[in-house]
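Novice: One letter stands for each residue in the lines below.
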Amino acid sequence: MKQNRRKFIKFAGVAAAALCTAPAVAKAAGGGHAAPIMKNPKGLEAERWAMVIDTTKLKTEKDFAPLIEVCHKIHNVPQIDSNQEVKWLWTGSYDETFVEQPNPHMNEELKERSYALLCNHCENPPCVRVCPTKATFKRPDGIVAMDYHRCIGCRYCMAGCPYGSRSFNFSEPRDHFTEEELKKLNPKFPTRMRGVVEKCNFCVERLAVGERPACVEASKGAMFFGDLNDPESEVRQVLRERFTLRRKPSAGTEPSVYYII
Amino acid sequence: MHYGGKIIIGLLIFVGLLLSPFAYNALTVEASYKQPKLKLPAKEKECVESLEFMRTKHMELLDEWRDWALRDGKRVYVNHKGKEFEISLQNTCMDCHKNKAEFCDKCHADAGVSPYCWDCHIQPEGLK
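Chains as they are written, first to last, in this note's numbering: chain S, 1 to 261; chain F, 1 to 128.
Because the hints were derived from the structure by calculation, they are not lab data. Take these hints with a grain of salt, some might be off.
If you want the ones that stay clear, here's a sample from chain F, every Cβ over 10 Å from chain S, calculated [as the list claims (entries may be wrong)]:
no.	residue
1	I8
2	G10
3	L11
4	T28
5	K45
6	E46
7	F53
8	R55
9	G73
10	N91
11	C107
12	G112
13	H121
14	P124
15	G126
Okay, derived cross-link-like pairs now, SDA-like style, lysine to any residue, Cα gap no bigger than 20 Å in a straight line [said to hold, decoys possible]:
no.	chain 1	residue 1	chain 2	residue 2
16	F	K128	S	L182
17	S	K183	F	K45
18	S	K57	S	F243
19	S	K138	S	L44
20	F	K81	F	C47
21	F	K74	F	S88
22	F	K45	F	S88
23	F	K74	S	R139
24	S	K188	F	K81
25	S	K188	F	Y24
26	F	K74	S	K183
27	F	K81	S	L182
28	S	K188	F	H80
29	S	K188	F	F14
30	S	K184	F	D95
If you anchor each label on the Cβ, the simulated ranges turn out as follows [unchecked claim]:
no.	chain 1	residue 1	chain 2	residue 2	range
31	F	L51	S	E96	54 to 64 Å
32	S	F243	F	H108	27 to 37 Å
33	S	A18	F	D95	29 to 39 Å
34	F	H108	S	T178	27 to 37 Å
Small disclaimer: the values here were computed from a predicted structure and weren't measured. Ideal Cβ placement from N, Cα and C applies to all residues, glycine included.
Only chain S is shown next, with the shape it has when bound in the complex (with noise of 0.2 Å):
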């Protein structure tokens, strides 16, 4: 066969057509069958999880504490008494709370009691975007979750979140526990390791077998959780009725997380 210019153009452009082309057809050929996988039936589920937290009933630390020792005990958290400490739920003063609503004049009351504070699962976290490996990551349900698997321990998220709802674990975690608590840790749930960051999760790993979060149910009917975007939803129902804070709203995050005060 005689080579000219034309042919080997010609021959040249079918070629990378074909090599264009080749993976959609290859792919398309295989048939691509989904992954077999599904969600538990008896899984709760939303469009966007809420928490709304009545701050007339809970207001002391010993309102608090049982809440709290429930949530870090099934999250294996450990107890640091010192300024490198790990918290998924905590208290705040309303100062600390409500930074831009500090009205002079208030009701002592209300300055006295505790707020429950932790993450607040915001519409639009700024943890996420500055998060530098995805290890942080918002679910379609609204939860921002943490993979720590992939989390390299930067802390910008940290340095995001206008909340101070991470923690970082500056040293091993197991360290931190007590031969007695160390046989006692949940064994349904992993620890953490040295050089990642933690935060509340809403408790996803009880909605995904229809559990509510742990701080709900230790409430006793404080605490309300439920689908924001569902009229007819418990929180929605409380909201309604209810004066409700949010905290810093000026920051733009949107939080899930309402006080009633």
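Use these hints to put chain F onto chain S, whose structure you have.
Specialist: Chain F in isolation, oriented as in the chain S frame:
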């Protein structure tokens, strides 16, 4: 050949030293590699997938399980026989394989791999 004798003796010493590790191994270490003996679960005869698949691909399965459970929020795995399993290393795998030291570690130690699963996940025999 100048200095022939010395060169040949030197070469022999050099080759001898070069081969000494092989000779040492051949004389002291048992000749054949023995597969580690795993303690298999008593209550269950079939794993999530076939033996061959689990033996060669369990790490890939675990990798996918992690993303399915954590990222996609889908925590039920349906195997090739249609049986359903909760996607969980601690609660499903280790529910049958009740001892990490007598199962996971055996092959991993021989193969010289040290996966970091247990830096966070809790082995069924507990922590010390």
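Novice: Taking the hints in turn, state whether each one holds.
Specialist: Going down the list of hints, with the structure as the test:
1. I8: holds, 58 Å
2. G10: holds, 53 Å
3. L11: holds, 52 Å
4. T28: holds, 38 Å
5. K45: Non-interface label stands for K45(F): nearest chain S Cβ at 21 Å, farther than 10 Å.
6. E46: Holds, because the least Cβ-Cβ distance between E46(F) and chain S comes to about 16 Å, which exceeds 10 Å.
7. F53: It holds; F53(F) is separated from chain S by about 13 Å at its closest Cβ, greater than 10 Å.
8. R55: holds, 19 Å
9. G73: Given a closest Cβ separation of 6 Å, the condition is violated.
10. N91: violated, 6 Å
11. C107: holds, 22 Å
12. G112: holds, 22 Å
13. H121: Not fine: 5 Å to the nearest Cβ puts H121(F) too close to chain S.
14. P124: violated, 7 Å
15. G126: violated, 6 Å
16. K128(F) to L182(S): Since the Cα atoms of K128(F) and L182(S) sit roughly 7 Å apart, the hinted pair holds (cutoff 20 Å).
17. K183(S) to K45(F): violated, 29 Å
18. K57(S) to F243(S): Holds, because 14 Å separates the two Cα atoms, which is no more than 20 Å.
19. K138(S) to L44(S): holds, 17 Å
20. K81(F) to C47(F): holds, 11 Å
21. K74(F) to S88(F): It holds: about 11 Å lies between the C-alpha atoms, which stays within 20 Å.
22. K45(F) to S88(F): Since the Cα atoms of K45(F) and S88(F) sit roughly 19 Å apart, the hinted pair holds (cutoff 20 Å).
23. K74(F) to R139(S): holds, 12 Å
24. K188(S) to K81(F): Roughly 26 Å between the alpha carbons, so the hint for K188(S) and K81(F) is violated.
25. K188(S) to Y24(F): Not satisfied, since the Cα-Cα distance of roughly 48 Å exceeds 20 Å.
26. K74(F) to K183(S): violated, 30 Å
27. K81(F) to L182(S): violated, 38 Å
28. K188(S) to H80(F): Not OK: K188(S) and H80(F) at ~26 Å, beyond 20 Å, violated.
29. K188(S) to F14(F): violated, 59 Å
30. K184(S) to D95(F): Given that 20 Å is the threshold and the Cα spacing comes to 17 Å, the pair holds.
31. L51(F) to E96(S): 54 to 64 Å: holds, 57 Å
32. F243(S) to H108(F): 27 to 37 Å: violated, 58 Å
33. A18(S) to D95(F): 29 to 39 Å: violated, 50 Å
34. H108(F) to T178(S): 27 to 37 Å: holds, 29 Å
Of the numbered hints listed earlier, those contradicted by the structure are 9, 10, 13, 14, 15, 17, 24, 25, 26, 27, 28, 29, 32 and 33.
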